[in-house]
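Protein chains in written order, with the working numbering: chain U, 1 to 115; chain D, 1 to 111.
Hints were generated in silico from the structure; no laboratory data involved.
Being a predicted model, the structure only gives us computed values, none of them experimental.
We put the beta carbon where it would ideally sit given N, CA and C, even for glycine.
Treat the hints with care, as some may be off.
Claimed, not checked - Pairwise CB distance ranges (calculated):
(1) P111/D <-> V54/U: 28 to 34 angstroms
(2) N52/U <-> N53/D: 33 to 39 angstroms
(3) Q81/D <-> N52/U: 22 to 28 angstroms
(4) A5/U <-> N24/D: 32 to 38 angstroms
(5) Q17/U <-> N53/D: 49 to 55 angstroms
(6) Q17/U <-> E52/D: 41 to 47 angstroms
Claimed, not checked - Reference excerpt, derived from the structure (chain U facing chain D, CB under 10 angstroms, subset only):
(7) G42
(8) K44
(9) L45
(10) A93
(11) E98
(12) T99
(13) T100
(14) K103
(15) S108
(16) Q111
Said to hold, decoys possible - Over 10 angstroms on every C-beta distance to chain D, these chain U residues come out as not near it, computed from the model:
(17) A2
(18) E14
(19) N24
(20) K78
(21) Q80
(22) D86
(23) L115
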Amino acid sequence: EAGVAQSPRYKIIEKRQSVAFWCNPISGHATLYWYQQILGQGPKLLIQFQNNGVVDDSQLPKDRFSAERLKGVDSTLKIQPAKLEDSAVYLCASSKTETTNEKLFFGSGTQLSVL
Amino acid sequence: SQKIEQNSEALNIQEGKTATLTCNYTNYSPAYLQWYRQDPGRGPVFLLLIRENEKEKRKERLKVTFDTTLKQSLFHITASQPADSATYLCALRNAGNMLTFGGGTRLMVKP
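Put together the whole structure using the sequences plus the hints.
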């Protein structure tokens, strides 16, 4: 089966610019996650969707970050305007459901550099 | 506050030896604990899940223990190989069912 697809693979922007990341989860997976991973740290959950509804976005900096999952399939994560501290890898993951014992399947991520 | 702590220093071992990685947590009451492997430039890959009522779980050369009294999980790789070199992450669901990761431990297996 196809894995989680993310694009672009790399992105370099200047601070105050905007950027968008795209994710296509594994077919049939109801739950989609966006994580931010700063170099040398573990992934930090930004937002979790169940179908097209938001389950948790408590760690999403809502003044600059936004995410949507239209039709409960693909998702986009946007940053506007970007700051230097947003430089990180943005990982998308999906799981069949949101039950506590579900394992996550991750994409390869988008590496963002903000100059 | 809730914390998941893994040794941030890299673990260097010789090929053939057993690698043991530690995951400690505070202010969680997890029913499950998961371990993932992450290679450079890639997303984490699921390895094992252990339930709170399981003391030990094995999969090929991997063994995970889960001590809810000590609030600790140990991850063992026996007969380690250079191909096992990667960063290993433990993860728990918090009260809101969000999967939260530790900082990861980098393992280097030298031939």
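Right, here's what the structure says about each hint:
1. At roughly 48 angstroms, the beta carbons of P111/D and V54/U sit outside the given window of 28 to 34 angstroms.
2. Between N52/U and N53/D the Cβ separation comes to about 35 angstroms, which falls inside the hinted range of 33 to 39 angstroms.
3. Q81/D and N52/U have their C-beta atoms about 43 angstroms apart, which leaves the hinted 22 to 28 angstroms range violated.
4. Checked against the hint of 32 to 38 angstroms, the pair A5/U and N24/D passes, with Cβ atoms roughly 35 angstroms apart.
5. Checked against the hint of 49 to 55 angstroms, the C-beta distance between Q17/U and N53/D comes to roughly 50 angstroms, which is consistent with it.
6. The hint said 41 to 47 angstroms for the Cβ distance between Q17/U and E52/D, and at roughly 46 angstroms that hint holds.
7. Interface restraint check: G42/U against chain D, minimum CB-CB distance 4 angstroms, threshold 10 angstroms, status holds.
8. With its C-beta approaching chain D no nearer than about 8 angstroms, K44/U sits inside the 10 angstroms limit, and its interface hint holds.
9. With a least beta-carbon distance of about 5 angstroms to chain D, the hint placing L45/U at the interface is held under the 10 angstroms criterion.
10. For A93/U, the suggested interface contact is upheld, since its CB lies about 7 angstroms from the closest CB of chain D, less than 10 angstroms.
11. For E98/U, the shortest C-beta to C-beta distance to chain D is roughly 6 angstroms, which falls under 10 angstroms, so the interface hint holds.
12. Because the closest C-beta pair between T99/U and chain D is about 8 angstroms apart, less than 10 angstroms, the hint holds.
13. At about 5 angstroms, the closest approach between the beta carbon of T100/U and any beta carbon in chain D falls short of 10 angstroms, and the interface hint on this residue holds.
14. A cut of 10 angstroms between beta carbons decides the hint on K103/U: the least distance to chain D is about 4 angstroms, and the hint holds.
15. Below 10 angstroms, beta-carbon pairs count as interface contacts, and S108/U has one with chain D at about 5 angstroms; its hint therefore holds.
16. Because the closest C-beta pair between Q111/U and chain D is about 8 angstroms apart, less than 10 angstroms, the hint holds.
17. With a minimum CB-CB distance of about 14 angstroms to chain D, A2/U clears the 10 angstroms threshold, and the non-interface call stands.
18. Every Cβ of chain D is farther than 10 angstroms from the Cβ of E14/U; the closest lies at roughly 24 angstroms, confirming the non-interface assignment.
19. Its beta-carbon lying about 14 angstroms from the closest one in chain D, N24/U satisfies the requirement of being farther than 10 angstroms from that chain.
20. Its beta-carbon lying about 20 angstroms from the closest one in chain D, K78/U satisfies the requirement of being farther than 10 angstroms from that chain.
21. Listed as a non-interface residue, Q80/U keeps its Cβ farther than 10 angstroms from every Cβ of chain D; the least gap is roughly 24 angstroms.
22. Distance to chain D confirms D86/U as a non-interface residue, since its nearest Cβ pair spans about 19 angstroms, more than 10 angstroms.
23. Interface exclusion of L115/U from chain D stands, the closest Cβ pair being 20 angstroms apart, more than 10 angstroms.
Consistency with the previously given hints fails for numbers 1, 3, ordered from lowest to highest.
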